[in-house]
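**Q** Sequence:
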Amino acid sequence: MQAQLEQELAEHKQEQAKEEQAYYTAWAQDAEAAWEKGLVFYQPVIQAHSIGSDERTPRGL
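Residue numbers (the numbering used here): 29 to 89.
Because the hints were derived from the structure by calculation, they are not lab data. No experiment lies behind these values; they were computed from the predicted model shown. All residues carry an ideal CB built from backbone N, CA and C; glycine is no exception. Please note: incorrect hints may appear among the correct ones.
[Unchecked claim] Taking CB as the label site, the calculated pair distances span:
| no. | residue 1 | residue 2 | range |
| --- | --- | --- | --- |
| 1 | Ala31 | Trp63 | 46 to 54 Å |
| 2 | Thr53 | Ala31 | 29 to 37 Å |
| 3 | Trp63 | Gln30 | 42 to 50 Å |
| 4 | Glu64 | Glu43 | 29 to 37 Å |
| 5 | Ala38 | Glu64 | 36 to 44 Å |
| 6 | Lys65 | Leu33 | 41 to 49 Å |
| 7 | Ala56 | Gln35 | 27 to 35 Å |
| 8 | Trp63 | Gln42 | 48 to 56 Å |
| 9 | Ala31 | Gly66 | 26 to 34 Å |
| 10 | Glu39 | Glu60 | 30 to 38 Å |
| 11 | Gln32 | Trp63 | 26 to 34 Å |
| 12 | Ala31 | Tyr52 | 27 to 35 Å |
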């Protein structure tokens, strides 16, 4: 029973890590594309996240 719970927890953490990696990869790609287009919007996004916003939209739109 304990081993099964540990297995499920490990799988959950692994899936969560994959989701976070995908999120940050998408964020980096969006930021790079915007930078190339000259749409620099980093500052508002950083401020929104620094004041405790848990919204996971890196686009700042």
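**Q** Please go over all the hints and tell whether each is borne out by the structure.
**A** Results of checking the hints against the structure:
| no. | hint | result |
| --- | --- | --- |
| 1 | Ala31 <-> Trp63: 46 to 54 Å | 47 Å, holds |
| 2 | Thr53 <-> Ala31: 29 to 37 Å | 33 Å, holds |
| 3 | Trp63 <-> Gln30: 42 to 50 Å | 49 Å, holds |
| 4 | Glu64 <-> Glu43: 29 to 37 Å | 32 Å, holds |
| 5 | Ala38 <-> Glu64: 36 to 44 Å | 39 Å, holds |
| 6 | Lys65 <-> Leu33: 41 to 49 Å | 48 Å, holds |
| 7 | Ala56 <-> Gln35: 27 to 35 Å | 32 Å, holds |
| 8 | Trp63 <-> Gln42: 48 to 56 Å | 31 Å, violated |
| 9 | Ala31 <-> Gly66: 26 to 34 Å | 54 Å, violated |
| 10 | Glu39 <-> Glu60: 30 to 38 Å | 32 Å, holds |
| 11 | Gln32 <-> Trp63: 26 to 34 Å | 47 Å, violated |
| 12 | Ala31 <-> Tyr52: 27 to 35 Å | 32 Å, holds |
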